[in-house]
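> Residue-level listing of the chains:
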Amino acid sequence: MSIFKTLKNGAAAAASSYKLILFVWITILVLVMAVGFPLRSFLNAMFGNSLVVERLNNGFDIGLAGDFGKPFGALMAAASAGTLLAGTAGFFIMTFFAGGFFRRYSLAWGGLKVSDFLRASAGNFIPFLKIALLMMLITGAYTFIIVGIPGIVAMMVSGSQLPTGKVLYLFYVLWALGMPVWLFVADASRRWIAATGSRKVLRALGAGFRAMKERFWLSYGTVLAVLVINTAAVLAIFWFAGNATPDRSLAVFLFFAATQLLFILRLFMKAWRYASVCEAVK
Amino acid sequence: MRRILVVFLCLLPFTAVGQIIVDKPLSDRLTGYDIDVTFDPEAHTVTGLMTAWWVNNSSMPVGEAMMHMYLNAFSSNQSTFASRGRWSAAGDDGWGWVKILSMKDGRGNDLSDSCSYVSPDDGNRNDKTVLRISLPEPVAPGDTLVLTIDFASKLPSPIQRTGYEDDFHFVAQWFPKFGVYETAGMRQREADGWNCHQFHPNSEFYSNHSVYNVSVIMPSEFVTGSGGRLIEEIDLGEDHKKVIWRAEDIVDFAWTAWPGYKVRTRKWNNVDITFLTSETGLSKAENHLDAVVYALEYLGERVGPYPWPHLTFVDPPLSGSGAGGMEYTTLFTTMGGGAVPSFLRMPEMVTIHEFGHAYFMGILASNEFEEPWLDEGVNSYWEQRIVDHYYGAGYGLLKLPFLKMSDTDQGRMSYITSPSRTIATNDLPSWMYPHGTYSMMSYNKTATWLHTLEGIIGTETMDNVFREYYHRWAFHHPSGRDFIAAVNDVVRSEHGDRFGENMNWFFDEVLYGSGECDYRVSGITSNKIRSYSGVVDGDSVSYARGDRKSDTLYLSRVSIERLGDVRLPVEVLVRFDNGEEVLETWDGKATYRDFEYTGARRVVWAKLDPYDKIDMDVNRINNSFTLDPAHTVARRMLNKYMLLMQMIISIFTL
Ligand SMILES: [Zn+2]
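In order, the protein sequence lines correspond to chains A and B.
The opening residue of the first sequence carries number 307 in the numbering used here; numbering runs sequentially from there.
The opening residue of the second sequence carries number 310 in the numbering used here; numbering runs sequentially from there.
Don't take each hint at face value.
As the list claims (entries may be wrong) - As a list, the in silico BS3-like pairs of lysine-lysine whose alpha-carbon atoms are at most 27 angstroms apart: (1) B:Lys949 with B:Lys708; (2) A:Lys376 with B:Lys333; (3) B:Lys708 with B:Lys333; (4) B:Lys551 with B:Lys576; (5) A:Lys436 with A:Lys519; (6) A:Lys325 with B:Lys949; (7) B:Lys571 with B:Lys550; (8) B:Lys708 with A:Lys376; (9) A:Lys325 with A:Lys588; (10) A:Lys376 with B:Lys922; (11) B:Lys551 with B:Lys413; (12) A:Lys519 with A:Lys588.
Bear in mind the hints are in silico, worked out from the structure with no lab data behind them.
Please read these numbers as outputs of a predicted model, since none were measured by experiment.
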């Protein structure tokens, strides 16, 4: 099968599971709202009846932090704690739902009810969590070896605080080119678990590596293509959200709708990668 | 070139008469130094001969001389500088000192036994930074005291402004140097006398404008720079060279030597700018040169001309960063190198600040010991204006799509967030600021109230104040009172008595007072004026009103309060529901003030200090009040935050 066909089939599979994607979106939205809404009340209390918010229309003016005084420190502390909490919870939730997605995409063509989706998620959670943690370790070590060590060496050689040598860019490129391998292995092993119902993580990883070896260029090319598109999309989303400054009520609502559509798109692209890897391994 | 120099050497010690660099003397040149030394980079020493002269311009004979021996601040851990500043030598080689090997006056009298160390500031017997010389014969009015001094200096490590690290050397405060002999009336002084302070950790310096002829023998591999103009570099053979500099009308002479320096130059008008940096600092060279040109241009237009045709500045390597951020008029050091991203203008800010000192205490040579606000505060004010002018109002210091900060706000923030901001007045000598408030007070509080003064009297008048200050005091020693006199005269001539008889009330609040300024809009009410109802002579009477809208009158009230001690005139912009706006003014003296409006229109919001004139106000949040708070900003921030969280969650999971 060609890379293009794999991607096409993957996209179709991801699209047909739109209900599951929306379900994940709602869950994550509830999670971030649970952290975000108290912060918003905090902000409103801080602003009170002041018009000073006008100064925040074009980016946050750090000069105002001093005027807010102690409440600003408290807000920052609450925001950091909330972010950490939501980030950790989000990690578990996404790992959990991956179990359902891979079950869905490893099945023969056909739908999966939300209840079955949840059952599959729960069934695969423990081995998926193990794979996620293991892959975090592996990619962390990989990053340190490919990017970290050359950076440290460059720092010591040039005596400057920041490595600026062009050689370092080469290592960044090398790092980026290696990442699809790890992602494919992670996805393929999770598909193996979802398809076989086995709980053996190491055997799953073995199966993932074997799948990679069997059809290297198809596997590698598929994930690389998805990753490139994903990275571009993520950058575009950040650029849009970073620069947008809607200041009227309706505009702010539309902005909210737009950000959530973009996040759904982002979830779709993740599902697309899962589905494409499942297609490639088939 | 060389011949000219020989002529000058013959004229010793009266070289001040001649001109090499500037067309005519800029200052009275009451002191001067001819120094011939050898620099040993292995031993980190500078040794040689100095001829120093001082002219008694008072009307009385003077029987003693005072000299700074600043390198002795690094000679033990018990000096005032080391003990209060927690400086300690890096190993036995790290101590620094200056020794007088012999001293003679112009008549050949040996003065070696007439010298003693004194500690006028704190009585510390272990401090050897001020030398008192009893002269065998008093110096008559108009006469010149000439001292020929054989001296040896050893640089300290770690570097604090001066010192060495490996082969990097920054040589400052390195030779015995006269204090300032002040005559009665000068800087509001009651009687004649020497002004010669010890070396303190927080304090800077005070000296006469002098002429320097300096020659240094050193290994040829060293790249050098100084506050003087390079007259000649002579190859002595055997890998050694002699570097000869001359400087005119500057208050201090420092130089640096390091084999690793890379040099970049630029010419701006008639000024030759030389920039010394490290290999890694080269990437920011253009930014630094741009910054210094901005500062030259801005201060030249608004304060007065930069009179020297040369300027050297240094971005020390990381190992020498202790020398960074210091000023010697025609030589200064910046910091920051290549590591700082371009959206953060920190290195440029330091360059602009240190250059600014060429004016604020280089040309306008105030006493940095006794009135640090007059150089650091005034200079920070100008630095902030320059940074925010050239790099963007509102985001001069930091500019990102979602985050910004102006240099002015950076200084103000340090002041308004300091819990100790009301414990001291702003006119203290540098070493007397309590509880670590020296920089916050002398840099940031001063700059903040100078912006406030600008807000009150207007930018144009403010610039004229500084033009006048420069005109009166360039190449002299102004005091804070002299600066205030310039403010009073210019404000009076441009605004009459609009702000009162003079501006002393302002300085009493901000400089000689320790209070803080905080005005707030405490609330707005807007109520229908109700028809009369009540009891008249035992009968209940009520007058019904028509219910047509045009008959409905409102009483709106805007309540302003003064929460701080500082009293400044403030403006209040009041907006009504029909779109009308009214600008009210209030002298700000009472503790509260209500503005009332009757009519069909209702007040919607009020903004106190709407044009941000009162930077002193420590809380701008309470400066406005609206009956219709828009929560869109908080909602937008929430949306962005939620998306950011969602993206983080989706990116950091497999
Ligand atoms: Zn300064």
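> The structure should be examined with respect to each hint, and the outcome stated for every one.
Verification of the hints:
1. Pair hint Lys949 (chain B) plus Lys708 (chain B) holds up; C-alpha atoms about 19 angstroms apart against a cutoff of 27 angstroms.
2. For the hint linking Lys376 (chain A) to Lys333 (chain B), the alpha-carbon distance of about 57 angstroms lies beyond 27 angstroms, and the restraint is violated.
3. In summary, the hint linking Lys708 (chain B) to Lys333 (chain B) is not supported, as the alpha carbons are separated by about 45 angstroms, beyond the 27 angstroms threshold.
4. With a C-alpha separation of about 26 angstroms, the suggested pairing of Lys551 (chain B) with Lys576 (chain B) holds against the 27 angstroms cut-off.
5. Proposed proximity of Lys436 (chain A) and Lys519 (chain A) is supported: the alpha carbons are some 23 angstroms apart, at most 27 angstroms.
6. Among the hinted pairs, Lys325 (chain A) with Lys949 (chain B) is consistent with the structure: their alpha-carbon atoms are about 25 angstroms apart, no more than 27 angstroms.
7. Of the supplied pair hints, the one linking Lys571 (chain B) and Lys550 (chain B) holds, its CA atoms being roughly 19 angstroms apart against a limit of 27 angstroms.
8. This hinted pair checks out: Lys708 (chain B) and Lys376 (chain A) have alpha carbons roughly 24 angstroms apart, not beyond 27 angstroms.
9. Simply put, Lys325 (chain A) and Lys588 (chain A) have alpha-carbon atoms about 24 angstroms apart, close enough for the 27 angstroms limit, and the pair holds.
10. Restraint check: the Cα-Cα separation between Lys376 (chain A) and Lys922 (chain B) comes to about 24 angstroms, which is no more than 27 angstroms; the hinted pair holds.
11. Between Lys551 (chain B) and Lys413 (chain B) the CA atoms are separated by roughly 26 angstroms; this keeps the pair inside 27 angstroms, and the hint holds.
12. For the hint linking Lys519 (chain A) to Lys588 (chain A), the alpha-carbon distance of about 14 angstroms falls within 27 angstroms, and the restraint holds.
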